[in-house]
Amino acid sequence: MPQEKATQLEYEINKSGEKEEQVIMDKGLVSEEIVFETKSEYLGVPLKKDVEDISPEILKLIPEETAVYYKMVPLGEGKGNLLDVGMIYPEDLKAQEALSFLSREKKFNSQIFLISFSVFNKVSNQYKNFKKEVRSALDDLRNELDDKESPSGRDVETEAISEDAPITKIVAVILRHAVEGGASDIHIEPTKEQLRVRFRFIGVLHSSIFLPIKIAPAVVARIKILSGLKLDETRIPQDGRFSTKIGNRNVDFRVSTFPTTLGEKVVIRVLDSTMGLKKIDDLGMEGRNKRIFESSIKKPYGLILVVGPTGSGKSTTIYAILNALNKDSVNIVTLEDPAEYFIEGVNQSQIRPEIGYSFGSGLRHILRQDPNIIMIGEIRDGETASLAMNASLTGHLVLSTLHTSGALSALPRLFDLGVESYLIAPTLNCIISQRLIRVLCNDCKKKSVLNKQTMEILLKEIGNMPPSAKKDIDVASLKIFEPVGCKKCNDTGFSGRIAIYEILEMTKELANIDLKNFDSRKLEEEAKRQEMTTMKQDGILKVLKGIVSIEEVLRVTKEQ
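1 is the number of the first residue of the sequence shown in the numbering used here; add one for each residue after it.
Hints may contain errors.
To be verified - Below, computed lysine-lysine pairings styled on DSBU-like, alpha-carbon distance capped at 35 angstroms:
hint	residue 1	residue 2
1	278	60
2	545	528
3	488	122
4	279	558
5	479	452
6	558	446
7	488	558
8	290	471
9	279	447
10	290	265
11	265	299
12	106	214
13	460	479
14	488	522
15	446	122
16	470	488
I should point out that these hints are in silico values taken from the structure, not numbers from a laboratory.
Fair warning: this is a prediction, and the values are worked out from it, not measured in the lab.
Produce the complete structure using the sequences and hints provided.
Rendered as structure tokens:
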């Protein structure tokens, strides 16, 4: 920096007193960069010249009002799990006191950086992106309602409000931010005083914004209009779907409304085909699991069941199979409720129970379509189960899902549905049970210290593993990793999800087990003889490979 500019800057600082930086720049004496480089040297506080996007969780540590008033913002997690805090005026004692109070209240330690006005504005805008757009739409709505209010003061009809531009904009902003943020689900739910909007990111729900409860009926009505649902029916659940273009992507949304004591709740599943379709190699199967899986889908006939609770990734696995088997030489026909992703070349059909088009009736018609491969979205009743079994007996490969907690419980579940036990052995290829688990971010995960409790858990699970699964594990040099958080993973420590599996193969020994007089011990013995790894064991193997954290495995499998 030229000596004359430095002298002039020092003169202006002495002359203008507190918060002189903006005055100096406004006069065009020196650039912002020179002002803050000089200030950094003078105060001995490191200067942060640029910053990437900050995760919502990090932004919450310093509320927007505090950030604006004291001109300080969170910049992300630094070394040693410190919170990097950017301040325009680190010399401001009141700002320092406010930061100390926040650090005690929210239990974090901080490292202070000097930031320029440009960096501060860049970060502070991240507070406003989503909320600002919604607030702007709410202000427009209030103005329109004031103009439309009748002389008697009666409320404007909900249907009319839902068609207004502000409500349309609010719903559009919610959808866009969900897609751009990579959310899998949107929850719009009434509370006593507010309408809460939550997004599910990589399996975990996060509150995003609260809206005035008065607009809840209008927001729900707008979503119903998009989905083709009945506006005047609020007493029973309704299901629908719609498509729209967000950016350069065509995105489908599956909608479910549900009546609660406080009003209708809406859950929207985001079905982004660019994100949802996976290849088999991306599913996370290895070793025995992958061998049995690939062998089963190559068979020309038989039933493959994918089991697990809602949200366990069953559809993702089924679609990966369809994607792999989709060739000109085969005819694939599906029955779905709903069709989540569309695959070119696959004949996908949406069932409609309200008009008598169910899985059972649809399956009868499918057999007249000369299929090689049949996919049934879900086996819900005895009729569908029996028809699926018979279809697999007559030379078709049948794929379907079933709601059970694990692979071993699927067999007695089929028997409970009324499937004859003699049909199960000759038709079933395998049962795949799965759960979704968050993957550690490769850019920031760090080696974790193995304490006594963790070591005991690992040794116990390794000890119970089949010999083929643990043969390459060196117990003397176990290492595991834990999440940290960085810019690439939005400071969550995780990047996407992967499944953990257990696969039970149909064998002669399994066929000989009497399901009528169900004995869980016999099934467990057969699973052990097959060297089946449980989902928890599969998770532990992924822990030892540094793919997931042990806390995630224990969280996901604790109720399994």
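Structure-based check of each hint:
For the hint linking residue 278 to residue 60, the alpha-carbon distance of about 34 angstroms falls within 35 angstroms, and the restraint holds. Proximity of residue 545 to residue 528 is assessed by CA-CA distance (about 23 angstroms); at most 35 angstroms being required, the pair is judged to hold. Using a Cα cut-off of 35 angstroms, the hinted pair residue 488 and residue 122 holds, with the two alpha carbons roughly 18 angstroms apart. Between residue 279 and residue 558 the alpha-carbon distance is near 28 angstroms, which keeps this suggested pair within the 35 angstroms criterion.
For a cut-off of 35 angstroms, the pair hint linking residue 479 to residue 452 stands: about 13 angstroms separates their Cα positions. Among the hinted pairs, residue 558 with residue 446 is consistent with the structure: their alpha-carbon atoms are about 24 angstroms apart, no more than 35 angstroms. Among the hinted pairs, residue 488 with residue 558 is consistent with the structure: their alpha-carbon atoms are about 29 angstroms apart, no more than 35 angstroms. Between the alpha carbons of residue 290 and residue 471 the distance comes to roughly 17 angstroms, so the proposed pair stays at or under 35 angstroms and holds.
For the hint linking residue 279 to residue 447, the alpha-carbon distance of about 30 angstroms falls within 35 angstroms, and the restraint holds. Between residue 290 and residue 265 the alpha-carbon distance is near 40 angstroms, which puts this suggested pair outside the 35 angstroms criterion. About 44 angstroms separates the Cα atoms of residue 265 and residue 299, which puts this hinted pair outside 35 angstroms; it is violated. The straight-line distance between the Cα atoms of residue 106 and residue 214 is roughly 32 angstroms, inside the 35 angstroms bound, and the hint therefore holds.
Only pairs whose Cα atoms come within 35 angstroms are accepted, and residue 460 paired with residue 479 is accepted, the gap being roughly 15 angstroms. Distance hint between residue 488 and residue 522 is unfulfilled; the C-alpha atoms sit about 48 angstroms from each other, more than 35 angstroms. Of the pairs offered as hints, the one joining residue 446 and residue 122 holds, with about 29 angstroms between alpha carbons and a cut-off of 35 angstroms not exceeded. Distance restraint check for residue 470 and residue 488: the Cα-Cα separation of roughly 33 angstroms lies within the 35 angstroms cut-off, and the hinted pair is therefore satisfied.
Checked against the numbered hints given earlier, the structure breaks hints 10, 11 and 14 and satisfies all the rest.
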